[in-house]
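If you want the building blocks of each chain, they are given just below.
Protein chains: 2
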Amino acid sequence: MPKRASRTSDAAPINIGFLGFGTVGAGAFQTLCDNLPSITLKVGRPLAVKSVAVRNWNQPRYANAPLCTAQRAKDAWAVVEDPEIDIVVECMGGVEPAAELVLQALRNHKNVVTANKELIARRGREILEEADKQGVDIQFEAAVAGGIPIIRALKESLAGNRIQRMIGIVNGTTNYILTQMTERGCEFTTALAEAQAKGYAEKDPTADVEGHDAAYKLSILASIAFESRVDVEQVHREGIAGLTLADIEYARQLGYVVKLLAIGEETPAGLLLRVHPTYLHHSHPLTSVSGAFNAIWVQGSSVGKVMFYGQGAGSLPTGSAVVGDIIDIARNIRHKATGRLPCTCFSNKTILDVNETVTKFYLRMEVADRPGVLGRIATILGNEGVSVASVLQSNASGEEAEIVWVTHEVQEVKLRRALEQVQALDAVKCIRTCLRVED
Amino acid sequence: MPKRASRTSDAAPINIGFLGFGTVGAGAFQTLCDNLPSITLKVGRPLAVKSVAVRNWNQPRYANAPLCTAQRAKDAWAVVEDPEIDIVVECMGGVEPAAELVLQALRNHKNVVTANKELIARRGREILEEADKQGVDIQFEAAVAGGIPIIRALKESLAGNRIQRMIGIVNGTTNYILTQMTERGCEFTTALAEAQAKGYAEKDPTADVEGHDAAYKLSILASIAFESRVDVEQVHREGIAGLTLADIEYARQLGYVVKLLAIGEETPAGLLLRVHPTYLHHSHPLTSVSGAFNAIWVQGSSVGKVMFYGQGAGSLPTGSAVVGDIIDIARNIRHKATGRLPCTCFSNKTILDVNETVTKFYLRMEVADRPGVLGRIATILGNEGVSVASVLQSNASGEEAEIVWVTHEVQEVKLRRALEQVQALDAVKCIRTCLRVED
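So the sequence lines, in the order shown, correspond to chains S and Y. Quick note on this note's numbering: the first sequence kicks off at 346 and runs consecutively. Quick note on this note's numbering: the second sequence kicks off at 346 and runs consecutively.
None of these hints come from the bench; they were simulated from the model. Everything numeric in this text was worked out from a predicted model, so none of it was measured. Note that beta-carbon positions come from the ideal geometry of N, C-alpha and C, so glycine has one too. Treat the hints with care, since some could be wrong.
[As the list claims (entries may be wrong)] Selected chain S positions facing chain Y (in silico; Cβ < 10 Å): (1) Lys-387; (2) Gly-389; (3) Arg-390; (4) Pro-391; (5) Ala-666; (6) Cys-775; (7) Thr-778; (8) Cys-779.
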C-alpha cells in the first residue's frame, strides 16, 4: 500500500467509501451531507465521500441517487483497495461478502463503520481482532437499536461500571406486533400482516418473529457489557409466534405487559443470555415503549438504572448512528489515535444454560373440568419446589377449564421438571403457554 | 513544568488527583477503585489516585475515608501544582476557588474532570478556551443529570445531527416534590419538607425550587447541542413555589402532568431557552419520569426522538459519570490525543426573549361570579389573537368563580398583552397561574 503522508495534513479531506446504498447507506449519506460544515468543524478536518459501491447501478432506485461529488465505484473491492479511502462504511448487510470486504479493508489499514448486526454477531471476533492487529477502528453503533447510542454508552460513559443486568426491546417488528395485539386486540397473524403492509416486517418475517434479530443484538451488547465474547448461538431464543390474545389479556388482568425482551445478566456462576416473550410488570419503564420504538434498560454497579430510548430502525435514525461512528473515527484520524477503543472482551466468562435462570413464570394450561385437577397440579408444583403466587381458573365449559398460574421465583430446571409431570397427567390437555415474568 | 517523558510509557500509571472528597468525590473514588483491573485493561495503562485534597482532614467524616494508597494532599493547590498528576478531578463545588484551581491545572497542562455545573455554566467559556489552548481535556459529564450519559451522546454519538429540540427533567428535587404533589396530593410546603427530610432538598432550597439548578444544566446542554455558547442568564427561569394542588388537579382532569422542564429549541430566528413548570401531555414519555429520576428527551434532524433516563444525583451514579470521563481522558493520554474533543461552540446564535415562544397556555383565574365576565375575558383573548381550546368554570360560591383556560398555540407576547387587559378588569380578582403546555 502506498504511503499517504501528503494526505494527512489538516486541510486534506478524510475520504470515505460506502459499500451499499440502501436504506442505511442512503440515510447515512444524507445525514453526512446535510451537516457537513458542522461536522468538518467538529472533526477539524474536512470529510468527503469519495466513492460509493452498489451491486448494480442500473437498478431504478439508484437513478436519482444524490451522490454529489462521490464516484460510482466499479465494485465493492475497488473501494476496499482504493489507497485514498480512509474509512469504509459497510451497509450491504448479510455475512458474505461483507465479512471478506471488511477484513480486507482492515488489512489495508482502513477504518470501518458497519451497521451490520449479523456480521458483528457472527464474525465479530475475527473482525475485531484484525482491527486491533492493524491499529485501526471498527465501529458498529448502528448494528444495535438504530439511532440509540447504546454501544458508545457501554464502551465509554459507563466504562467504570460492572454491568449487572441489561434488558432490551431491540426488535421493532415484534414490538409493533405485540403493541397492536395489546392495544387493539388483533390476533398475531393480523398484526403481522399489518406490520408487513407498513414495511415494519419482511415478507419472510422469521428473523424478527423468531427472535434471531434480537439474539444477534443481545450477543453484541452482552460481549461489550460483560467484557466477554458471546456467540449468538449461546443466546437462548424463543419467538412470539405462539402467543395468543388470551396471553395478552391475562397479562393485562395480572398487571403485566407482554414484550419480547433480550435479557443479559451476570450471576456469580456466569452469564445468562436469553431472548423471549416476557410478562413485564406494568410499572417497569420498558412497558411504555410501544410500536416500532426500541429501548435498552441497563443496571450498572455505580450508575444504578439507566434507560436509552429511541427509534430502532429507519434510514435516518440508523444513518445518525453511522455518522456518529464516522465522526468518532475521523477525530481519531485527525489525532493519529485510531485503535483508541480496542475490543474489550478481556474475559472468558461461563455462559449458563437457560435452565439455570431463576425467575417467576406465567403458565396457562387446559385441563379437564373435574374435581381434584387443580390440587394434583399444585401438588406436583409444590413437590418440585415451585411456589405459586397466584392461580386463576376460568372458561369452565363443563368439560374443559383453563388454569393460569403465576409462580414465585424458581430455578427454571425445577419448573421444567414439574411441567413434565403435569403434562403427563390424564386430566391435563395441554400446557398452552409458559412465559418468564420480570418485575 | 518539568518534562515527564519517563512517565509516558505504557507501564507507568496515569496519576489522578482529587479536589474534594464529598458525595461526588467519594462516589467517583469508590467506582474507580472497585473496578480498577477492568479499567486498566480498557485504558491499556494503569490508573492510580495519587493524592486527594480536602479543606480540612480533621472533619469526622474523613476519619475512615478509604484512601488506599492515595496521599492526603496539603491543599488543593498542591494537587494542581504536582508535576506527577495527569488528571485533576474537581468535586469541590462552587465557583471559587474551583475556577482558579481548574484554570491553573489546565495551564499546568493537566487534564480536568469536573462535576461542577455552576462552574461550567458560569465560567465554561474561559475554562474551555484554556483547555483548547493547552491541548488538554476538560470533561464534565457529571455536571448534568448525574449518571446519565447525555453530554457524551450530544458531543459524539449524535454529532451528525442538527439538534432541533431538547426537553429535560434535570432537577431531581423539584421532580420529587411534583411527584409527591401529584401522586399523594401533598401541598408544596409538605412535599418540600419531606424532600428535605429525605436529603433530596437542601436546607435552603432556592437553587432547586426556583429553577437555578435546572438553568445551569440547560445552559450547558444547550451550548453543546446548539453549538453556540449559552450563558445561564440567557435562560428564562420560573420556579415551582407558586404551584398549588388546584393546578395539579386541573392538569389531571385535562390529561396533563405538571413537570419542571428545561426546554431548549432552535427556531429559524434563534434559540429559545427556558426553565419553568409545564403542563406536559400524559402521552409524553417524560411524564413517566417520577421521583428523583432525571431524563432528557432530544429531537435531532436524523435520529428523530431519543430519550435518556436515569438517576440524576447520588454519590455512585455521579461517580459513574466522573469515572467515565476519567477513562476517556486516560485513553486520550495513552494515545497522545488529549484535546481530541475541543469546545464546539462554533456559532454565535441569537438567543430570543421568552416572549417569542409559541406555545399553548394553561390559565387559572379568580373572577367575580356575575354574568358576562367569561364573555369579556374571552373577547379580550380573541382580540389579541389568543384562541381558546377549552374553558372550565367552577367553584362558583355565589361571589367568586374560578375559570381555567387552555389556549391553542400563540406567541407569548400576545398572551401577555391579553393578560394585562384581563387583569385590569374590575371583575377579575387575580390570575392565579399561567403555565406553558407541551404536547
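Do the hints match the structure? See the list:
| no. | hint | verdict |
| --- | --- | --- |
| 1 | Lys-387 | 6 Å, holds |
| 2 | Gly-389 | 8 Å, holds |
| 3 | Arg-390 | 12 Å, violated |
| 4 | Pro-391 | 15 Å, violated |
| 5 | Ala-666 | 7 Å, holds |
| 6 | Cys-775 | 38 Å, violated |
| 7 | Thr-778 | 28 Å, violated |
| 8 | Cys-779 | 30 Å, violated |
Consistency note: the structure conflicts with the earlier hints numbered 3, 4, 6, 7, 8.
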